[in-house]
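All chains, full assembly: derive it from the sequences and hints.
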Amino acid sequence: MPMLERKSKVSDEIPTASMADIAFLLLIFFLTTTVFEEEKGLPIVLPEAAAETVEVSQSNIIHFLVREDGAVAIRRGESQAEQVVAYSEIEGIMRQEIANNPNIIAAVKTAPDAPYRHMINVLDELQSAAAQRISLQLWER
Amino acid sequence: MAKPSAGFQKKSKAQSEIPTASMADIAFLLLIFFMVSTTFRREQNRHLSFPRAEATQKVDEKRRNILHLWIEPDGAVYINDSRIPMDMVAEVVLPLYRESDRHLMIAIRGDRDVPYKFINAVTEQLREANAVRVFFHTDLESRLARERR
Chain W
0 MPMLERKSKV
10 SDEIPTASMA
20 DIAFLLLIFF
30 LTTTVFEEEK
40 GLPIVLPEAA
50 AETVEVSQSN
60 IIHFLVREDG
70 AVAIRRGESQ
80 AEQVVAYSEI
90 EGIMRQEIAN
100 NPNIIAAVKT
110 APDAPYRHMI
120 NVLDELQSAA
130 AQRISLQLWE
140 R
Chain U
6 MAKPSAGFQK
16 KSKAQSEIPT
26 ASMADIAFLL
36 LIFFMVSTTF
46 RREQNRHLSF
56 PRAEATQKVD
66 EKRRNILHLW
76 IEPDGAVYIN
86 DSRIPMDMVA
96 EVVLPLYRES
106 DRHLMIAIRG
116 DRDVPYKFIN
126 AVTEQLREAN
136 AVRVFFHTDL
146 ESRLARERR
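Protein chains in written order, with this note's numbering: chain W, 0 to 140; chain U, 6 to 154.
Rather than coming from a laboratory, the hints here were simulated on the basis of the structure. For each residue, glycine too, the CB sits at the ideal point set by N, CA and C. Incorrect hints may appear among the rest.
[What the hints assert, rightly or not] Distance ranges between label pairs, derived from CB positions: (1) U/39 / W/76: 55 to 65 angstroms; (2) U/145 / W/27: 26 to 36 angstroms; (3) U/31 / W/33: 14 to 24 angstroms.
This is the structure in structure tokens:
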């Protein structure tokens, strides 16, 4: 009896109008919750192992001696005199040294048992002073 | 007073609705793109406190060319979640360095209280492996905080 069949008033389609909203919601959720880990730090290029040891005139070297307790002393060239400085002074001193002698090498000598952060503090000051030639060494006494 | 032309107004046949049927497809496509292109580092965080530095700068190197080298306060070295004895670091880094076509950069992630001798031992090992481009991972420090130390 096809003629008497009643037409169903219920829509037989799945409503897809809100699909876009759902998808964008998910998209925005993932976009905002993703955190990218930043790679940051103090870059430095180590000397190569095969590099020949180059004799550098003592007058071109300024030593920064980092002690176990974090105190920093400066020793210039040949002289044995050590001058204790505060971290905040290092940047100014280094800028002065670079202005006087662009070839100056900053040698950071750190005591074996000194915490790493003290060396980083000195390196931070040197890099803030735009020092290009930095050498990191273990202070063997 | 009706407008005389009202009865004759022609119905426009152009649809006035913006087609939104493909919107979901676009959104899902974007969603899938971001899900696929996001790579997660499988390395676990070692919860160290890094030293702080004002001169901290972003490292401009591709992520896959950066190798993390963790140094715990007792001098234990970890690469890719496995503990590496100090004198084996060069042996572990060398093949990775070759694989990366000599672009490998080492992120030295040392705890702020590591005695310096361990850092020095690690840099000596890295020099042996020819991986001379390194950076010391630091957190950014404001100038004010720096002046107080």
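Assessment of proposed distance window 26 to 36 angstroms (beta carbons of residue 145 of chain U, residue 27 of chain W): holds (28 angstroms)
Consistency of beta-carbon spacing, residue 76 of chain W to residue 39 of chain U, with hint 55 to 65 angstroms: At 58 angstroms between Cβs, range holds.
Cβ distance range 14 to 24 angstroms for residue 31 of chain U and residue 33 of chain W, holds or violated: holds (20 angstroms)
No hint from the list above goes unmet by this structure.
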